[in-house]
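As a plain string of letters, each chain reads:
Protein chains: 2
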Amino acid sequence: MVPTKKEGRAKDEEVIKKLEGLGQDMLEQIKAKSTPTFTTALRSKGNIIYDQGIGYIRLGDKTEERRFVNVGQARKFMQTVAIASKCKKFLNEDAHTSIRGLFYQLKFSLGENLDEELFSEQSESNPLVEDLEVALNVKREDLNLNTDRKGVVAGPLVLRDKFGGTEDEIDCTRQGRSGWMIPSDVDNGMEFKSVDADYVLVVEKDAMWQRLNEDKYWKKENCILITPKGQASRGCRRLIRKLASKKLPVYVFTDCDAWGWYIYWAIKTGSMNLAYLGQDIATPEARFVGVTMRDIKDYDFLAQLTIKAKEVDIKRAEEMLSYEWILHHKDWVEELKTVLKTKRKLEQDALQGPRLSFVGDYLKEKIAKKKFLA
Amino acid sequence: MVPTKKEGRAKDEEVIKKLEGLGQDMLEQIKAKSTPTFTTALRSKGNIIYDQGIGYIRLGDKTEERRFVNVGQARKFMQTVAIASKCKKFLNEDAHTSIRGLFYQLKFSLGENLDEELFSEQSESNPLVEDLEVALNVKREDLNLNTDRKGVVAGPLVLRDKFGGTEDEIDCTRQGRSGWMIPSDVDNGMEFKSVDADYVLVVEKDAMWQRLNEDKYWKKENCILITPKGQASRGCRRLIRKLASKKLPVYVFTDCDAWGWYIYWAIKTGSMNLAYLGQDIATPEARFVGVTMRDIKDYDFLAQLTIKAKEVDIKRAEEMLSYEWILHHKDWVEELKTVLKTKRKLEQDALQGPRLSFVGDYLKEKIAKKKFLA
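Protein sequences, first through last, are from chains A and B.
Going by the numbering used here, 350 is the number at position 349 of the first sequence; the sequence numbering is gapless.
Going by the numbering used here, 166 is the number at position 165 of the second sequence; the sequence numbering is gapless.
Hints are not guaranteed to be accurate.
[Claimed, not checked] Here are some chain B residues pointing at chain A (derived, C-beta under 8 Å):
#, residue
1, F109
2, N147
3, F164
4, W181
5, M182
6, P184
7, A208
8, H330
9, P355
It should be emphasised that the hints constitute simulated quantities derived from the structure, not laboratory data.
For glycine and all other residues, C-beta sits at the position ideal for the given N, C-alpha and C.
Construct all of the structure, not just a fragment, from the sequences and the given hints.
Here is the structure:
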């Protein structure tokens with residue numbers, strides 16, 4: 002029952018050392034009578050690259066230097082140092098909190114001079130914490146800062162979860178109707194005990210996941226069934242990345258519309274706002290299993306179950322057709338052009354039209370026949 | 002391993018009988034050469050009552066009769082009958098789906114004449130399904146229609162979950178960092194194997210729940226720790242109701258602001274749009290443990306951690322002071338007036354200001370001293 006926490010602590014010590022190094026560098030700069038500086042990778046658009054060779058979005062080589070003696074940067078500089086100090090404290094205490102908890106710790110120590118909007122859970126890309134992540138080459142999860150968690154998993158995957166002084170074994174085949182909720186951090190204190198699956202199926206909507214879970218799709222197909230519940234959280238993308246690294250094929254099943262395409266491409270290539278995490282969260286190996294407009298050729302009944310494409314779907318399709326990396330994939334180009342031409346779209350739920358269990362047959366067939374888009 | 006499903010099936014049979022009864026009544030009306038009618042409780046504002054005696058919001062006695070031979074009602078009438086027929090099919094097949102899945106089944110059978118907006122997961126109060134729920138006195142979960150699930154639980158609670166042909170035992174003390182995700186339906190096929198807790202603590206924010214879970218608050222205090230993750234889902238409210246029926250005290254811990262108050266009162270008294278489910282989901286026994294503006298008297302440091310109340314907080318406080326049932330609670334009136342006077346509010350996260358683990362000490366002390374608002 003009592004966890005060894007060996008690996009966990011070793012990782013923590015490493016991060017603490019990095020945080021200390023940051024402070025020591027600044028102290029030395031002060032001793033040498035120069036102004037403290039802080040160097041981090043530039044995260045603005047000009048330094049975000051879709052790297053065709055590796056297949057995901059990453060930061061380029063441009064860096065940015067923050068200087069303490071700069072009127073525009075002094076306050077943020079101080080806040081960044083204060084955050085680094087708090088994170089070191091959290092790591093030493095072996096306790097996690099949210100961005101909001103961090104905000105109140107800072108407010109308690111520093112007083113009123115804090116922009117609370119910067120520390121809302123909604124502001125996904127908190128620039129101050131990102132500065133630290135990038136400068137130290139760690140994820141905020143490694144700094145004991147939890148991010149919003151979302152998504153559920155079921156199937157032949159057993160995890161060892163060391164957390165809060167105990168260790169639990171999570172068997173994702175025994176989680177009933179609910180499945181196991183994907184946490185913020187799937188690295189620290191967390192390991193795969195066994196992964197005995199043939200592939201990973203990622204299903205956009207929770208309702209569809211529940212449908213497949215009820216039919217024990219993951220059991221019949223020996224796969225790991227994940228839903229991000231819409232846009233995938235950092236933890237969910239990281240879990241998918243880790244499973245792909247175990248050589249499991251990853252298939253993604255979304256609506257054929259703006260939102261569905263975005264969810265797929267964010268899992269596959271990462272996203273602009275998380276470009277600095279590219280290699281940790283992107284899964285270029287992922288393939289798109291459906292639904293597609295071309296499915297209508299194979300499954301007649303879908304023709305009557307399309308619905309009107311919204312403004313946002315049309316706009317997104319046009320946008321995607323302007324991306325160089327999409328143009329390399331003829332199947333995607335054809336798909337997007339069909340939506341633009343017909344002004345119709347298709348939801349994954351439509352596969353339940355003739356009978357509720359049809360969706361499982363559809364997936365089985367498409368996966369067996371390898372009918373994927375890139 | 003193989004479930005008996007005895008109770009589950011018995012419940013299903015009962016609901017199927019009710020659905021058949023609905024159809025048979027209509028057939029008899031047709032045979033008697035009168036027009037089919039369908040009687041349901043009126044769900045508009047004029048028939049929604051806050052019942053002070055029982056402490057929750059319920060429907061009054063007014064009913065509404067829908068007639069097939071009414072130009073304005075014929076289409077909806079037909080759709081309601083079609084939904085009843087589909088739900089009977091789902092129950093016979095022992096398969097669940099979402100409102101969206103139901104939409105596509107209807108679209109497949111009935112063709113284009115369906116208002117898809119009526120069947121979006123976002124339209125919380127789908128009037129057609131509600132008609133059935135009210136007329137048959139069942140919950141949509143009993144009709145095998147899943148609702149949006151949300152919320153997490155940890156603590157000394159063991160559940161038996163019979164679902165999709167297997168049975169799993171869920172021990173909520175062994176769910177690691179994640180906790181157990183609260184499903185849409187906590188009644189059918191689901192039972193408490195054991196509940197060995199002293200009380201239930203409901204925590205508004207997931208981040209705060211994770212903080213308390215990491216500190217094993219539920220273990221130290223022998224309580225069941227729930228987060229609805231904001232506004233409580235139907236399943237979460239139902240679970241709280243069921244635990245309260247086991248004679249466990251229920252304490253709710255939210256922000257001191259518009260959203261927090263709403264979450265508390267919805268758990269306690271139910272809500273207008275779910276008035277027809279009042280007794281199944283309301284927990285009038287619930288007490289409000291914090292955070293409160295008066296906490297500042299006992300915990301000095303909170304004074305510097307208040308933040309500016311928003312427009313919506315001010316408006317909500319004014320609104321609540323116009324409700325008769327709030328005026329009965331002097332402590333609530335005082336609380337709301339303090340917000341209006343100071344134009345400040347307090348978040349539960351502020352309790353992490355001095356140290357991350359302080360929030361547990363705060364809760365322990367307030368619960369021990371029974372410092373609750375009604």
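Hint-by-hint comparison with the structure:
1. F109: 4 Å, holds
2. N147: Interface hint status for B:N147: holds (6 Å vs cutoff 8 Å).
3. F164: Holds: closest Cβ of chain A sits about 4 Å from B:F164, inside 8 Å.
4. W181: 6 Å, holds
5. M182: 4 Å, holds
6. P184: Holds, because the Cβ-Cβ distance from B:P184 to chain A comes to roughly 5 Å (cut-off 8 Å).
7. A208: 3 Å, holds
8. H330: 29 Å, violated
9. P355: 6 Å, holds
Taken one by one, the earlier hints fail for this structure only at number 8.
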